[in-house]
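Chemist: These are the residues of each chain, in order.
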Amino acid sequence: MPRKRKEHKGDGVPSPSLKSAPIKTREGFRAGELLFFALAALFTALVCVSAGSVNVPLKETFGVIWNAIFSLPQPDTTSVPIILSVRLPRVLCVALTGAALSVCGGAMQGLLRNPLADGSTLGVSSGASLGAVIAIAFGVTFPGLPLAGTMVLAMAFAFLSLVIILGLAYKIDYSLSTNTIILIGVIYSMFVSSILSLVITFASDHIKSITFWTMGSLLGASYQNALVLLCALVVCGTVILRYARELNAFAIGEENARHIGVPVKRVKLILMIAVSALIGVCVSIGGSIGFVGLVTPHMVRMIVGPNHKRLLPASLFGGAIFLMLADLVSRVILSPLELPIGVVTSFVGAILFVVIFYRARRVRA
Amino acid sequence: MRLLDVKNLCVRYGELTILDRVSFSLEEGQWLMLVGPNGAGKSTLVNAISQGAPYTGEIRFDGTDVKKMRPQELAQKIGVLSQTHFVGYAFTVGSVVRLGRYAYSPGIFGGRREEDEEMVRRALATTGMEELEQQSVLTLSGGELQRTFLAQIFAQDPRVLILDEPTNHLDLVYQKQVFALIGSWLKQPGRAVVSVVHDLSLAKAYGTHALLLERGRTIAQGEAKEVFSPEYLDAAYGMDVSGWMRSMLEQWKEE
Chain A
3 MPRKRKEHKG DGVPSPSLKS APIKTREGFR AGELLFFALA ALFTALVCVS AGSVNVPLKE
63 TFGVIWNAIF SLPQPDTTSV PIILSVRLPR VLCVALTGAA LSVCGGAMQG LLRNPLADGS
123 TLGVSSGASL GAVIAIAFGV TFPGLPLAGT MVLAMAFAFL SLVIILGLAY KIDYSLSTNT
183 IILIGVIYSM FVSSILSLVI TFASDHIKSI TFWTMGSLLG ASYQNALVLL CALVVCGTVI
243 LRYARELNAF AIGEENARHI GVPVKRVKLI LMIAVSALIG VCVSIGGSIG FVGLVTPHMV
303 RMIVGPNHKR LLPASLFGGA IFLMLADLVS RVILSPLELP IGVVTSFVGA ILFVVIFYRA
363 RRVRA
Chain B
15 MRLLDVKNLC VRYGELTILD RVSFSLEEGQ WLMLVGPNGA GKSTLVNAIS QGAPYTGEIR
75 FDGTDVKKMR PQELAQKIGV LSQTHFVGYA FTVGSVVRLG RYAYSPGIFG GRREEDEEMV
135 RRALATTGME ELEQQSVLTL SGGELQRTFL AQIFAQDPRV LILDEPTNHL DLVYQKQVFA
195 LIGSWLKQPG RAVVSVVHDL SLAKAYGTHA LLLERGRTIA QGEAKEVFSP EYLDAAYGMD
255 VSGWMRSMLE QWKEE
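Chains as they are written, first to last, in this note's numbering: chain A, 3 to 367; chain B, 15 to 269.
In case anyone wonders, no lab produced these hints; they're calculated from the structure.
The structure displayed is predicted, hence computed values, not measured ones.
One thing to keep in mind: the hints can contain errors.
With a cut-off of at most 20 Å between alpha-carbon atoms, the simulated DMTMM-like pairs for lysine to aspartate or glutamate come out as follows [claimed, not checked]: (1) B:K81 to A:E340; (2) B:K267 to B:E228; (3) B:K21 to B:E237; (4) B:K218 to B:E41; (5) B:K82 to B:E29; (6) B:K91 to B:E42; (7) A:K267 to B:D185; (8) A:K173 to B:E29; (9) B:K91 to B:E129; (10) B:K218 to B:E228; (11) B:K91 to A:E257; (12) A:K210 to A:E340.
Given only the sequences and the hints, what does the whole structure look like? Please build it.
Modeler: Following this line, the structure appears as structure tokens:
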């Protein structure tokens with residue numbers, strides 16, 4: 003009697019979390035989807051500007067912003083300065099930071115073929131904060147350019163950290179397995195925090211502003227900050243999006259990417275520079291905000307699939323929405339007290355991290 | 015027509031020599047089998063040709079040094095199929111195969127020309143993966159996954175196909191399928207195949223030529239029937255290979 007042919011299920015080592023991801027046929031981002039994500043982000047921004055210790059009706063908020071954009075006369079109420087001077091610049095900075103960190107997370111998860119890669123898990127954000135702290139402690143500034151000293155050092159340290167972490171990871175385990183990367187990230191973060199403590203010991207008079215970088219906060223963010231973030235996001239985001247197809251190849255496998263003709267080393271270097279520059283700018287403005295880059299691409303991937311041509315733009319908006327909501331929670335949950343935003347994102351992120359890691363282990367077992 | 019010319023290829027990691035002055039050439043229509051015991055340097059040879067391992071010596075494709083070729087240019091000439099694939103995310107079969115066209119139209123908007131679509135469609139049809147085009151690669155069996163990457167390499171349309179143990183982990187049905195597919199691909203003019211194969215019976219059945227390696231050194235090379243002579247095989251493997259093969263075949267004698 004002929005026997006049934008045995009099926010080899012699961013040889014492809016399924017990724018931890020993405021089995022349930024719907025299968026999408028379209029390669030690019032449809033105009034309708036783009037509109038949907040953009041509208042969702044705009045609506046979230048409006049809600050976040052309205053809500054807070056003083057609630058302003060949505061309609062009034064919209065009116066104030068509308069009048070400001072088109073230079074129309076404003077009504078004489080207290081809500082105008084609250085919206086325009088305090089909340090709007092902050093929400094803008096939060097949205098841009100969320101978008102930037104998520105695009106970076108999405109790019110790194112593709113580049114390293116690792117769903118747990120992100121600025122905070124890899125230790126790149128800690129590296130960037132160390133750069134910022136050194137700039138403050140030793141008074142590194144560029145005349146005429148506010149924030150430039152912290153920014154340049156944060157960017158340089160972010161890049162240096164990425165090079166050290168990946169260099170070490172490749173030496174120890176060429177396949178860059180999830181466990182190795184996370185382990186090295188943790189060890190590197192601990193190493194960086196020890197140096198941070200050392201710097202603080204030598205610069206105790208700057209302790210207050212140094213604590214700011216390590217906690218992550220966008221309190222008191224200005225339009226100027228938002229503009230800097232926007233410029234960085236436009237430049238680095240364009241570079242990252244430009245390599246969406248190469249990121250697909252990396253996400254399928256670095257060796258396969260080389261075989262199909264991707265200039266692996268060049269693309270990797272360019273992406274690493276873009277990612278660390280963007281993380282550096284974010285950290286120098288908002289401090290180290292953990293897990294945004296881990297959580298958002300992960301959730302977005304469940305909706306739009308793993309193709310980076312769709313994943314990256316969706317992460318951009320998804321990250322903005324996620325961080326705006328996290329910021330809202332940090333402002334209202336203990337009102338009038340305010341939590342640092344990093345507390346909220348790390349709370350959500352750490353739980354999700356465990357879920358992803360647990361599922362990854364279970365699949366492999 | 016000579017497609018590939020390898021001269022005095024050496025690969026060293028520090029003091030360790032993995033490949034020691036290996037030379038061979040590959041003509042149109044040839045299927046060269048790289049054989050030898052574990053640690054002979056077969057996979058390293060494949061890696062060196064695809065520029066994935068540092069080497070000294072010369073590798074030329076159609077007279078041009080492959081080190082001087084741009085990655086896309088090299089991918090149009092030489093395609094490599096790895097022995098294992100670990101795709102991390104739920105990409106569809108179609109999107110994996112479509113990436114095979116990267117070398118012809120890189121960039122974010124590339125791979126959408128009519129010619130690219132036609133090659134992808136044909137590759138999917140040849141490998142019998144048409145119906146699974148929209149399926150996630152995470153749900154495929156080992157054989158289907160290997161056929162997906164075979165379709166990718168067919169879409170890549172190289173002149174030389176380099177296969178590193180193409181049927182490793184595959185059952186007999188898939189082994190036969192994959193070898194038959196490669197055999198018919200080779201029938202087109204201007205093409206050649208190099209493959210690392212552990213199973214000497216498969217190597218003998220499909221190879222026109224062979225290169226027998228042992229600890230990085232060439233033991234024998236030339237036409238398959240000459241290389242697979244007992245004297246060379248016994249020297250490389252340190253055992254009576256053909257005696258063992260015959261005793262295996264005995265097991266299948268009808269009683």
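Chemist: Determine for every hint whether it applies to the structure shown.
Modeler: Going through the hints against the structure:
1. Between the alpha carbons of K81 of chain B and E340 of chain A the distance comes to roughly 59 Å, so the proposed pair goes past 20 Å and is violated.
2. In summary, the hint linking K267 of chain B to E228 of chain B is not supported, as the alpha carbons are separated by about 33 Å, beyond the 20 Å threshold.
3. Of the pairs offered as hints, the one joining K21 of chain B and E237 of chain B holds, with about 18 Å between alpha carbons and a cut-off of 20 Å not exceeded.
4. A C-alpha spacing of about 18 Å is found between K218 of chain B and E41 of chain B, which places the hinted pair at or below 20 Å, so the restraint holds.
5. With a CA separation close to 27 Å, the supplied pair K82 of chain B and E29 of chain B exceeds the 20 Å bound.
6. Between K91 of chain B and E42 of chain B, the direct Cα distance comes to roughly 13 Å. Compliance with the 20 Å bound is thereby established for this hinted pair.
7. Proposed proximity of K267 of chain A and D185 of chain B is contradicted: the alpha carbons are some 36 Å apart, above 20 Å.
8. At most 20 Å may separate the alpha-carbon atoms for a hinted pair to count; K173 of chain A and E29 of chain B meet this at roughly 18 Å.
9. Taking the CA atoms of K91 of chain B and E129 of chain B, the gap is about 17 Å. The hint holds against a cut of 20 Å.
10. Distance check on the hinted pair: K218 of chain B and E228 of chain B sit about 18 Å apart at the alpha-carbon level, within 20 Å; holds.
11. Between the alpha carbons of K91 of chain B and E257 of chain A the distance comes to roughly 17 Å, so the proposed pair stays at or under 20 Å and holds.
12. Distance hint between K210 of chain A and E340 of chain A is fulfilled; the C-alpha atoms sit about 17 Å from each other, no more than 20 Å.
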